[in-house]
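Trainee: Sequence:
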Amino acid sequence: MAKILLVDDDSSLLDVLTMAFADAGHTVVTARDGAVALEQAAREHPDAIVSDVNMQALDGFALCRRLRAAGNPVPIILLTSRDSEIDEALGLELGADDYIPKPFSTRILLARVSALLRRDALRTQAKVASSELLRVGLLTLEIERLEASYKGSPVALTLSEFRLLEALARRPGVVLSRDRLLEIVRGDDSIVVERIIDTYVRRLRRKLEQIDPTFSDIETVVGAGYRLRSR
Numbered sequence: 026m027a028k029i030l031l032v033d034d035d036s037s038l039l040d041v042l043t044m045a046f047a048d049a050g051h052t053v054v055t056a057r058d059g060a061v062a063l064e065q066a067a068r069e070h071p072d073a074i075v076s077d078v079n080m081q082a083l084d085g086f087a088l089c090r091r092l093r094a095a096g097n098p099v100p101i102i103l104l105t106s107r108d109s110e111i112d113e114a115l116g117l118e119l120g121a122d123d124y125i126p127k128p129f130s131t132r133i134l135l136a137r138v139s140a141l142l143r144r145d146a147l148r149t150q151a152k153v154a155s156s157e158l159l160r161v162g163l164l165t166l167e168i169e170r171l172e173a174s175y176k177g178s179p180v181a182l183t184l185s186e187f188r189l190l191e192a193l194a195r196r197p198g199v200v201l202s203r204d205r206l207l208e209i210v211r212g213d214d215s216i217v218v219e220r221i222i223d224t225y226v227r228r229l230r231r232k233l234e235q236i237d238p239t240f241s242d243i244e245t246v247v248g249a250g251y252r253l254r255s256r
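Counting from 26, one number per residue, gives the positions in the sequence shown under the numbering used here.
Read the hints as simulated data drawn from the structure, not as lab findings. Keep in mind that the hints are not guaranteed to be accurate.
Here are the simulated lysine to any residue pairs, SDA-like style, with alpha carbons at most 20 Å apart [unchecked claim]: (1) Lys232 with Leu135; (2) Lys232 with Thr245; (3) Lys28 with Arg144; (4) Lys28 with Leu63; (5) Lys176 with Val200; (6) Lys28 with Ser139; (7) Lys28 with Glu244; (8) Lys176 with Arg231; (9) Lys176 with Asn79; (10) Lys127 with Gln81; (11) Lys127 with Arg144; (12) Lys28 with Ala60; (13) Lys176 with Leu158; (14) Lys232 with Gly162; (15) Lys176 with Arg254; (16) Lys28 with Ile133; (17) Lys176 with Thr165; (18) Lys232 with Glu167; (19) Lys28 with Leu38; (20) Lys232 with Glu244; (21) Lys28 with Gln81; (22) Lys176 with Glu157; (23) Lys232 with Arg93; (24) Lys127 with Asp145; (25) Lys232 with Lys127; (26) Lys232 with Gly248; (27) Lys176 with Arg195; (28) Lys127 with Pro98; (29) Lys176 with Glu234; (30) Lys176 with Ser202; (31) Lys176 with Arg144; (32) Lys176 with Lys127; (33) Lys127 with Gly198; (34) Lys28 with Asn79; (35) Lys127 with Asn79; (36) Lys232 with Leu163; (37) Lys28 with Glu167; (38) Lys176 with Thr239.
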């Protein structure tokens, strides 16, 4: 099974989650604030992180931001009692892979983590000797290795971002609806708003614009979805 880092300053909830994940066969590492979680992530190399948002010292958003800034692609699920689309968008903008409002069912949380681990398992294929290369214009995707580059420069992507970019790159010039992209990116039955795709697209554009400020190949088709310009 997997090694899971649980982060929460509520000791009673942390104990409940620790028991639930341990009973499911996972190895559990815990931290009671974001600062300790950063140290644990560097030392323990967890397969996934489940973190509360509202914590003293270093909150879940800051934890997520620092991990992504350091290039750590570990799947992250954020837990929060602030149930609003604004909070969800913020968490995803910072690089979180999923977002669950409190109160929640531990069964659902376990299922979400399992879904993330299944999707992230593709990363373990990075040692495959050969990898399918997908090239569209100046964009190159190495599928098995989950690596992307633009104009020869590497682009650090989360698994969800890579899946979205791959979906568009496999169908250059074709418009894909938000529903279809959501189905491809998440690959499970999680109930989330389709506008999360807009957040993923913004993150993708921002990363590609860091390489080329004039990047505009991911086009919005109003009322229909998105497409990757074919050229």
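Trainee: Which of the listed hints are not met by the structure?
Mentor: 1, 5, 7, 9, 11, 21, 24, 25, 26, 28, 30, 31, 32, 33, 34 and 37
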